[in-house]
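Take these sequences, add in the hints, and give me the full structure.
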Amino acid sequence: MTAPPVGTESQLVIAPMLVVLVAAVGSLLLGRRPRARAAVSLAGGAAYAVAVAAIDWYIVLAPDAPGIATYQVGDWAAPFGITLVADGLSAFMLTMVAILGVCSLVFSTRHLPGGEGRSYYFPLFHFLALGVTGAFLTGDLFNLFVWFEVMLMASYVFVAYSGGPQHTRAAFWYVSLNLLASAVFLLGVGGIYATTGTLNMADLAQRLADPAAYGLDPVPVVGLLGLLLSVFAIKAGLVPFQFWIPTAYRAAPPQITALLAGATKKVGIYAIIRLSFTVFAGAEVAVDLSVPLLGVTIAGDSPLPFVGAALFVMATASILLGGIGAVGRDSMEGVFAYSSIGQVGFIAIPVAIAATTASPDLRRFAIIAALVFALNHTLAKGLLFLAVGTVRAATGTTRLDDLGGLARRSPPLAIAVFVASLALVGIPPLSGFFGKFLVFDAAARAENGPAIVLLLAGSLLTIAYATRMWNRSFWGARTPAVEVATVDSVQVTVLVVLATAIVAVGVGFEPVYEFARTAAEAALDTESYVDAVDPQAADDLLGSSGGEH
Amino acid sequence: MTAVVLAAAVGALFALGTFLLLRRDLVRVVWGLAIISQAANVYLLAMGGIAPATTDSVPVLAGHGDHVPQTADPLVQALVLTAIVIGFGMTAFALVLSYRVYEEHDTLDVSELGDRER
Numbered sequence: 007m008t009a010p011p012v013g014t015e016s017q018l019v020i021a022p023m024l025v026v027l028v029a030a031v032g033s034l035l036l037g038r039r040p041r042a043r044a045a046v047s048l049a050g051g052a053a054y055a056v057a058v059a060a061i062d063w064y065i066v067l068a069p070d071a072p073g074i075a076t077y078q079v080g081d082w083a084a085p086f087g088i089t090l091v092a093d094g095l096s097a098f099m100l101t102m103v104a105i106l107g108v109c110s111l112v113f114s115t116r117h118l119p120g121g122e123g124r125s126y127y128f129p130l131f132h133f134l135a136l137g138v139t140g141a142f143l144t145g146d147l148f149n150l151f152v153w154f155e156v157m158l159m160a161s162y163v164f165v166a167y168s169g170g171p172q173h174t175r176a177a178f179w180y181v182s183l184n185l186l187a188s189a190v191f192l193l194g195v196g197g198i199y200a201t202t203g204t205l206n207m208a209d210l211a212q213r214l215a216d217p218a219a220y221g222l223d224p225v226p227v228v229g230l231l232g233l234l235l236s237v238f239a240i241k242a243g244l245v246p247f248q249f250w251i252p253t254a255y256r257a258a259p260p261q262i263t264a265l266l267a268g269a270t271k272k273v274g275i276y277a278i279i280r281l282s283f284t285v286f287a288g289a290e291v292a293v294d295l296s297v298p299l300l301g302v303t304i305a306g307d308s309p310l311p312f313v314g315a316a317l318f319v320m321a322t323a324s325i326l327l328g329g330i331g332a333v334g335r336d337s338m339e340g341v342f343a344y345s346s347i348g349q350v351g352f353i354a355i356p357v358a359i360a361a362t363t364a365s366p367d368l369r370r371f372a373i374i375a376a377l378v379f380a381l382n383h384t385l386a387k388g389l390l391f392l393a394v395g396t397v398r399a400a401t402g403t404t405r406l407d408d409l410g411g412l413a414r415r416s417p418p419l420a421i422a423v424f425v426a427s428l429a430l431v432g433i434p435p436l437s438g439f440f441g442k443f444l445v446f447d448a449a450a451r452a453e454n455g456p457a458i459v460l461l462l463a464g465s466l467l468t469i470a471y472a473t474r475m476w477n478r479s480f481w482g483a484r485t486p487a488v489e490v491a492t493v494d495s496v497q498v499t500v501l502v503v504l505a506t507a508i509v510a511v512g513v514g515f516e517p518v519y520e521f522a523r524t525a526a527e528a529a530l531d532t533e534s535y536v537d538a539v540d541p542q543a544a545d546d547l548l549g550s551s552g553g554e555h
Numbered sequence: 033m034t035a036v037v038l039a040a041a042v043g044a045l046f047a048l049g050t051f052l053l054l055r056r057d058l059v060r061v062v063w064g065l066a067i068i069s070q071a072a073n074v075y076l077l078a079m080g081g082i083a084p085a086t087t088d089s090v091p092v093l094a095g096h097g098d099h100v101p102q103t104a105d106p107l108v109q110a111l112v113l114t115a116i117v118i119g120f121g122m123t124a125f126a127l128v129l130s131y132r133v134y135e136e137h138d139t140l141d142v143s144e145l146g147d148r149e150r
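Chains as they are written, first to last, in the numbering used here: chain E, 7 to 555; chain L, 33 to 150.
A hint or two may mislead.
To be verified - Just a sample of chain E residues kept apart from chain L, beta carbon distances all over 12 Å, derived:
{"#": "1", "residue": "L27"}
{"#": "2", "residue": "P85"}
{"#": "3", "residue": "I198"}
{"#": "4", "residue": "Y199"}
{"#": "5", "residue": "G221"}
{"#": "6", "residue": "F443"}
{"#": "7", "residue": "G455"}
{"#": "8", "residue": "T499"}
To be verified - Some chain L residues near chain E, calculated using beta-carbon distances under 7 Å:
{"#": "9", "residue": "L65"}
{"#": "10", "residue": "I68"}
{"#": "11", "residue": "S69"}
{"#": "12", "residue": "A72"}
{"#": "13", "residue": "L111"}
{"#": "14", "residue": "A115"}
{"#": "15", "residue": "I118"}
{"#": "16", "residue": "M122"}
{"#": "17", "residue": "A126"}
{"#": "18", "residue": "V128"}
{"#": "19", "residue": "L129"}
{"#": "20", "residue": "V133"}
{"#": "21", "residue": "E144"}
Claimed, not checked - One side only, chain E facing chain L, incomplete, derived with CB under 7 Å:
{"#": "22", "residue": "E155"}
{"#": "23", "residue": "P171"}
{"#": "24", "residue": "T174"}
{"#": "25", "residue": "A177"}
{"#": "26", "residue": "F178"}
{"#": "27", "residue": "V181"}
{"#": "28", "residue": "L185"}
{"#": "29", "residue": "A189"}
{"#": "30", "residue": "L192"}
{"#": "31", "residue": "A200"}
{"#": "32", "residue": "G203"}
{"#": "33", "residue": "Y519"}
No lab work stands behind these hints: they were computed from the structure. Ideal Cβ placement from N, Cα and C applies to all residues, glycine included.
Dropping the structure here:
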């Protein structure tokens with residue numbers, strides 16, 4: 007087996023990062039010319055979408071596609087150098103980000119929030135996208151940390167962006183929390199390096215699968231994985247790490263909130279799936295832990311049961327807290343921010359099921375469910391947060407008390423929000439129906455009664471807050487704020503496009519399901535991941551099982 | 033011996049950082065964050081250990097003949113360097129934010145800043 011030649015596929019892997027980096031620098035240099043800046047940004051966004059589409063097709067979906075491609079930065083071989091990897095899972099996540107990113111970018115060209123800092127909006131936007139893209143593509147634990155930081159730095163500025171006293175305060179707590187999380191991330195990374203002697207994810211998976219050959223003890227890895235999970239749970243906003251979400255989401259501009267909910271949250275989910283299933287699943291740790299109070303036994307031969315149990319608890323709390331919180335909010339973005347906490351619980355439940363089950367079929371199915379639900383969440387929640395931006399630009403307020411009768415004022419806006427709300431609830435034939443259906447199906451196949459009850463309760467709460475939001479802002483008598491509203495046509499067009507995408511995903515669900523299936527298989531296929539990233543290690547292990555590195 | 037000293041240092045730094053983090057003064061909170069991130073860096077360096085290197089583990093030294101000196105793990109050095117840069121940048125940003133908070137709220141006392149939610 008020889009190293010894969012550096013070819014087109016290999017270069018495709020870095021294409022989206024290069025594109026978005028060029029766009030960031032370009033828009034930074036054009037800071038003083040608003041029109042040129044917006045044009046460069048739009049072109050960058052379009053090129054990014056093309057690059058991601060090329061990855062989707064040439065690496066993952068085409069009939070003779072390799073399914074996975076790597077780029078070794080600076081041509082240093084895998085365990086030492088920095089590796090970038092694009093496989094089905096990364097491609098699926100990138101596609102979600104690309105769709106939402108382009109929509110948010112077009113939306114942003116119409117109405118830039120903020121005062122004097124305006125010229126930095128687009129560069130920051132691209133740096134945020136760069137961080138997200140890097141996190142999806144990196145094959146190295148420390149690099150994951152670095153890309154997290156890149157993403158966070160841009161988001162810090164965005165949270166403080168609007169410049170009011172409450173924004174500064176929100177940003178301060180957001181920065182503090184994330185700095186602390188970064189320190190915890192470093193603790194996890196350092197511990198894993200000390201335990202296993204490597205940070206390359208493929209190398210790590212390889213060593214954990216055969217600890218005797220490398221003379222390492224996989225047991226501490228369970229605890230270290232726990233540290234990392236807590237960091238990722240902060241990014242994903244799972245309870246008990248959700249407390250920053252309502253304030254930060256309210257402080258950031260709506261089109262950025264759409265990205266925070268639709269893209270950076272997914273980075274947390276992606277990291278949980280990637281590390282748990284691709285990297286740590288192979289570690290042989292005999293687990294037999296009974297929890298006396300609940301009468302539950304956590305058992306298995308890898309760290310996954312721990313991950314599953316922790317995720318299940320966090321997801322339960324998220325669904326309940328998010329749902330109940332959303333019902334009581336008095337502004338549109340408040341409702342959606344809490345709803346976002348609840349919806350991440352819906353993504354985490356199937357991941358937990360996948361982690362606890364022993365059946366490979368069910369595991370794959372559950373991850374497909376999680377991915378489809380994540381896609382639905384990105385589209386629907388992205389649309390809703392953008393709609394918040396439109397409503398705020400048009401009426402100057404998003405308080406439910408001050409809104410009313412929006413449906414008559416702008417029917418396209420109302421229809422788009424209605425479609426997204428129905429997608430959240432899970433009405434066929436929208437994308438949300440399949441998302442929710444698959445999650446329920448996974449819970450049923452796992453014969454997990456409590457999960458089904460929980461999902462039902464969560465769905466009822468979703469119906470409650472979606473209806474309440476809809477009734478109070480779109481129906482009823484027009485308020486003075488709505489009476490004088492002028493709705494921006496380009497922004498509404500973006501919303502309608504997203505709504506169409508939600509319908510399209512639901513109607514033409516077959517290819518989407520296929521894509522999600524490919525992604526789930528990529529997430530679970532540690533062997534080809536290792537093989538693509540580090541063929542040397544695979545050879546070593548096959549040849550002499552005592553291969554030293 | 034070195035291990036004990038390092039462990040004690042890391043522990044003390046984390047304790048100090050946590051203590052400062054729980055103060056009511058925002059500037060102390062920033063100090064706490066800075067110290068915690070430095071503690072994480074020291075911990076990271078300690079995790080790599082100091083050992084006789086080989087040309088395998090230090091590819092950069094591969095062209096320097098047979099004798100390779102004792103060294104702290106170069107990979108960890110690179111990681112810590114990156115983490116330090118990021119940490120300093122973020123600390124500076126947090127300081128700027130705390131100054132801004134002072135300008136807007138006329139106080140650096142956490143409890144006077146009011147409820148986080150509203």
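Structure-based check of all given hints:
| no. | hint | in the structure |
| --- | --- | --- |
| 1 | L27 | holds, 18 Å |
| 2 | P85 | violated, 10 Å |
| 3 | I198 | violated, 9 Å |
| 4 | Y199 | violated, 6 Å |
| 5 | G221 | holds, 15 Å |
| 6 | F443 | holds, 35 Å |
| 7 | G455 | holds, 35 Å |
| 8 | T499 | holds, 35 Å |
| 9 | L65 | holds, 5 Å |
| 10 | I68 | holds, 5 Å |
| 11 | S69 | holds, 5 Å |
| 12 | A72 | holds, 4 Å |
| 13 | L111 | holds, 5 Å |
| 14 | A115 | holds, 6 Å |
| 15 | I118 | holds, 5 Å |
| 16 | M122 | holds, 6 Å |
| 17 | A126 | holds, 5 Å |
| 18 | V128 | violated, 9 Å |
| 19 | L129 | holds, 5 Å |
| 20 | V133 | holds, 5 Å |
| 21 | E144 | violated, 11 Å |
| 22 | E155 | holds, 5 Å |
| 23 | P171 | holds, 4 Å |
| 24 | T174 | holds, 5 Å |
| 25 | A177 | holds, 6 Å |
| 26 | F178 | holds, 5 Å |
| 27 | V181 | holds, 5 Å |
| 28 | L185 | holds, 5 Å |
| 29 | A189 | holds, 4 Å |
| 30 | L192 | holds, 4 Å |
| 31 | A200 | holds, 4 Å |
| 32 | G203 | violated, 9 Å |
| 33 | Y519 | violated, 39 Å |
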